[in-house]
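Student: Given the structure of chain A, go ahead and fit chain B onto it with the hints provided.
From first to last, the protein sequence lines are chains A and B. Quick note on this note's numbering: the first sequence kicks off at 17 and runs consecutively. Quick note on this note's numbering: the second sequence kicks off at 17 and runs consecutively.
No lab work stands behind these hints, which were simulated from the structure alone. There's no promise every hint is true.
It does not matter which identical chain is meant; a pair holds if it fits inside one copy or across any two.
Here are the simulated lysine-lysine pairs, DSBU-like style, with alpha carbons at most 35 Å apart [stated by the list, open to error]:
| id | residue 1 | residue 2 |
| --- | --- | --- |
| 1 | K390 | K349 |
| 2 | K40 | K105 |
| 3 | K243 | K337 |
| 4 | K367 | K343 |
| 5 | K40 | K140 |
| 6 | K44 | K103 |
There are 2 protein chains.
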Amino acid sequence: MDNFVFYSPTEFVFGKETESMAGKLLKKYSAEKVLLLYGGGSVIKSGLMSRVEESLKNEGVSYITLGGVQPNPLDTKVYEGIELCRKDKVDFILAVGGGSVIDTAKAIAAGAPYDGDFWDFYNKGMAINSALKVATVLTIPAAGSEGSGNSVITKEEGSIKLGTGSPLLRPVFSVMNPVLTYTLPPYQTACGIADMMAHVMERYFTNTEGVEISSRLSEAVLQTIIKEAPVVMNEPENYDARANIMWAGTIAHNGTCGVGREEDWATHLLEHELSALYNVTHGAGLAVMFPAWMTYLADFNPDMLAQYAVRVWGIPESDDKKAVALKGVEALKNFFSSIGLPVSFKELGAKEEDIDLLVKRLHDNKGEKVGFFKKLTREDSRKIYQIAAR
Amino acid sequence: MDNFVFYSPTEFVFGKETESMAGKLLKKYSAEKVLLLYGGGSVIKSGLMSRVEESLKNEGVSYITLGGVQPNPLDTKVYEGIELCRKDKVDFILAVGGGSVIDTAKAIAAGAPYDGDFWDFYNKGMAINSALKVATVLTIPAAGSEGSGNSVITKEEGSIKLGTGSPLLRPVFSVMNPVLTYTLPPYQTACGIADMMAHVMERYFTNTEGVEISSRLSEAVLQTIIKEAPVVMNEPENYDARANIMWAGTIAHNGTCGVGREEDWATHLLEHELSALYNVTHGAGLAVMFPAWMTYLADFNPDMLAQYAVRVWGIPESDDKKAVALKGVEALKNFFSSIGLPVSFKELGAKEEDIDLLVKRLHDNKGEKVGFFKKLTREDSRKIYQIAAR
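Next up, chain A with everything else stripped away, as it sits in the complex:
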């Protein structure tokens, strides 16, 4: 096991009607001037924004609003938010929405007190030394951004996705009401499920020895998602199933599953190129790329892949580890298909003839070696995209 720091200071306030706590929580954490950030009109139509604003007014918390954050959120909205926060002396951003809104809030939070361009923290890897406070009212369980210090933003010019992370960007609190997820369209629910499973699996596959505790915790989250996913797909208003999925999404990405191990994250990078090029939903891209990556890696480390197949999918053990591993991959693909997700380039709308471009963009942006479980070269990445295109 590697040395690690586990630090997840976010106060998670979880359950029915918890959005009415937003005002009290902002006051508790000394918010002076709040930016309420949101995405499309659905949070307005559903009445959620009114309830959140009501809760702020009840506590006398001063705020301004900014909407229009898009999926695969763009830097243009970040610049708009930074300007607004500076002008109105905002000290606290409350993101009402899913990962795109929260990631944008974090980028604004880092950029507002910084003299240079916020992109310095993303593509130059500069450390964030100061940030506005961020909190969330989560409406889409998927990205895990409500419990992480990470943020991914798309540079509109060139459609490049870049990420950053800092303990300063961890939300101070996150309000999570599973009822808010009842109205998510089935495809978006399914994409969220793929995203949170990917967050666990990016951590699970490791060469670090002696990490039973984080392996077992990872398997626990995956098993829960696999059990509850069909329930939420069939009964969108099943509270317990929605609640289990929502909390699984947080645990998947708050660090719990990654302690003491080298994480991989190659599949996220392989996928980022897909969603940047075709503007597909991140979770759908992951449903295509994760099985492809696993199929390729089954030759490289069949033991680890077989452990996953046995413990997570209940595949019977056998001496032929690679065969066991591939049965696990098949089970994952069947699972993704069963909840309506694409598992191939064709189903996703990606094109085999773009593979050269995808490989070039990936490695030009992220370097010659990508990931850690196996450090992927351009040739490796090409083969993985080819498996996905089969």
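Tutor: Frame of chain A; chain B shown alone:
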């Protein structure tokens, strides 16, 4: 699933040589005057105290020391610490030791800024509104106190164990070096293992429906402990096994395993009477009481007990849930025996003729109903003690 708040803000700094970070961490969290609190001479003999003091001196952190905290820690030491903290204007307590030292640090932290008697927070359930900051250098993985807001202290007069809890008592940081646990005597290692398993099982057995995520996370921690325990017993200097056990002990008690469910805690209360009366180690008492409690409860809720037996111990499923449940209990007893723990009154040194006294003390102190999975009456408690005395 019930509504819940999950708040685990402690910064865990885990791994080899991490005790050398104590000074830097104290400075990061603005400590002005530190009380270094410890137990017996072992932390001095091992050189740990010197290394911690060295780290504080390197950072220019001012401190005083207080030793002599005993297992099943007494209020007399708490009063001594409170007086010292007031006199020397201490604002930060660094507990160097196991649960007894950390629990004492928390009691001092709550008592020092309070005008009344610190016992008000324990036996009257008064809320803690202010506390000195607490941090830990953990040497014994067991109590989980390094990641919890809980504290249990023994009232010397009458030997009564009482507990309290507050978010204000959660350690600001906890330094955890598995190497420090190499020298723990086997019996103490085993008692710690029973204690952390009990922390998970007290949360696991619940009547709350729809809590798959916390059930699975609980099972993950138990499975890890069951795998790693024989390794640490046979190879006390196996780093990875010690590390897995140490971190499992933290996750067992930082709230992860209890989200969204009604917890039980009857077995801890049944045991507290044993350790108060016979001064036995808490973990040893739990190894006796948990199987007895489960045996009694197998009639009350065989389904939940059977799920535990199947998922944690790999007992084959069957329609006879009670039989499956009892096989799980048997597996737990065999496991405890295999690591050298007592599983009966006789092996523990407790006396059947004291059962009347145990029942009387338990219910006189804790009320007519104890626990939640089944609210135990005096008659229930008597029967459970009788099973343990068989």
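Student: Could you run down the list of hints and mark each one as holding or not?
Tutor: Going through the hints against the structure:
no., hint, verdict
1, K390 / K349, "within (21 Å within a copy, 43 Å between copies)"
2, K40 / K105, "both (21 Å within a copy, 33 Å between copies)"
3, K243 / K337, "both (25 Å within a copy, 22 Å between copies)"
4, K367 / K343, "within (26 Å within a copy, 56 Å between copies)"
5, K40 / K140, "between (38 Å within a copy, 28 Å between copies)"
6, K44 / K103, "both (24 Å within a copy, 32 Å between copies)"
Of the numbered hints listed earlier, not one is contradicted by the structure.
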